[in-house]
Amino acid sequence: DVKVTQSSRYLVKRTGEKVFLECVQDMDHENMFWYRQDPGLGLRLIYFSYDVKMKEKGDIPEGYSVSREKKERFSLILESASTNQTSMYLCASSRSRVRETQYFGPGTRLLVL
Amino acid sequence: GENVEQHPSTLSVQEGDSAVIKCTYSDSASNYFPWYKQELGKRPQLIIDIRSNVGEKKDQRIAVTLNKTAKHFSLHITETQPEDSAVYFCAAPHTGNQFYFGTGTSLTVIP
Numbered sequence: 001d002v003k004v005t006q007s008s009r010y011l012v013k014r015t016g017e018k019v020f021l022e023c024v025q026d027m028d029h030e031n032m033f034w035y036r037q038d039p040g041l042g043l044r045l046i047y048f049s050y051d052v053k054m055k056e057k058g059d060i061p062e063g064y065s066v067s068r069e070k071k072e073r074f075s076l077i078l079e080s081a082s083t084n085q086t087s088m089y090l091c092a093s094s095r096s097r098v099r100e101t102q103y104f105g106p107g108t109r110l111l112v113l
Numbered sequence: 001g002e003n004v005e006q007h008p009s010t011l012s013v014q015e016g017d018s019a020v021i022k023c024t025y026s027d028s029a030s031n032y033f034p035w036y037k038q039e040l041g042k043r044p045q046l047i048i049d050i051r052s053n054v055g056e057k058k059d060q061r062i063a064v065t066l067n068k069t070a071k072h073f074s075l076h077i078t079e080t081q082p083e084d085s086a087v088y089f090c091a092a093p094h095t096g097n098q099f100y101f102g103t104g105t106s107l108t109v110i111p
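Residue numbers (the working numbering), protein chains in the order written: chain A, 1 to 113; chain B, 1 to 111.
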């Protein structure tokens, strides 16, 4: 059974802080993804990675960066948090083939004050 | 995502009735269409998917149909139960390993 975990379920940060969200998967998946989920907007892709040290921008990368130093771990970084980054952040992973199920983590609800 | 449109955004049905959610996509090369269910406070989970070489797939009370000519696919839930209440997302492939997700349908099954 695939397990995707995220470092925090809830986070409260202040404007301007640097924020790290971590995601770990235990199924040796090549692909990992970061989404944000907002009411009425669905799931929007921020960044994804198809291999260690590889990253690709998604639809809304502005204000975010990512790091993938190990295959099982994919980090999302908010360099200087802003109030409009208050959201639910979901990590997901999938196997190497393009048309594959994505397995999601439980989500991190981030509040930026 | 802008390349996948999902309707309706909210849907209420009486227990035992059927529910239908429809998604349209723009990329004619798309060939894999998953549906995810997200219960309140939980993570999205795959409930059914369809590949473009078939027109319909069923799994007990849920089914997905695909019309490649019209570029739309639909989720059908029959004999709805209160535990079907959730947000449902469709998705369609984007370039590389990406998917576009629909904006979600909040389904409420009224007992």
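If you're looking for bench data, these hints aren't it; they were derived computationally from the structure. C-beta atoms are modelled at their ideal positions from N, C-alpha and C, and glycine is treated no differently. There may be inaccurate statements among the hints.
Covered stretches of chain A, going by a simulated chain B footprint (3 or more residues, C-beta under 8 Å) [claimed, not checked]:
| hint | stretch |
| --- | --- |
| 1 | 19 to 28 |
| 2 | 35 to 46 |
Distance windows between CB atoms, simulated [what the hints assert, rightly or not]:
| hint | chain 1 | residue 1 | chain 2 | residue 2 | range |
| --- | --- | --- | --- | --- | --- |
| 3 | B | S9 | A | S8 | 36 to 42 Å |
| 4 | B | E56 | A | E56 | 41 to 47 Å |
| 5 | B | S12 | A | S96 | 23 to 29 Å |
| 6 | B | S52 | A | D38 | 41 to 47 Å |
| 7 | A | S8 | B | S18 | 25 to 31 Å |
| 8 | B | N31 | A | D38 | 24 to 30 Å |
| 9 | A | P39 | B | P111 | 23 to 29 Å |
Here's how the hints hold up against the structure:
Given a C-beta distance limit of less than 8 Å, the hint that chain B covers the stretch 19 to 28 of chain A is violated, as 0 residues qualify and 3 are needed. Residue count for the stretch 35 to 46 of chain A with a Cβ under 8 Å from a Cβ of chain B: 7. That meets the three needed, and the coverage hint holds. The supplied range of 36 to 42 Å is broken by S9(B) and S8(A), whose beta-carbon atoms lie about 29 Å from each other. About 33 Å separates the C-beta atoms of E56(B) and E56(A), a value inconsistent with the hinted range of 41 to 47 Å.
In this structure the hint that S12(B) and S96(A) lie 23 to 29 Å apart at CB is violated, the actual value being about 40 Å. Taking the beta carbon of each, S52(B) and D38(A) are about 30 Å apart, not inside 41 to 47 Å as hinted. In this structure the supplied range 25 to 31 Å is violated for S8(A) paired with S18(B), their Cβ-Cβ distance being about 39 Å. For the hinted restraint 24 to 30 Å between N31(B) and D38(A), the CB-CB distance of approximately 29 Å keeps it satisfied.
For the pair P39(A) and P111(B), the supplied restraint of 23 to 29 Å holds, since their beta-carbon distance comes to about 25 Å.
Hints 1, 3, 4, 5, 6 and 7 from the earlier list are contradicted by this structure; the remaining hints agree with it.
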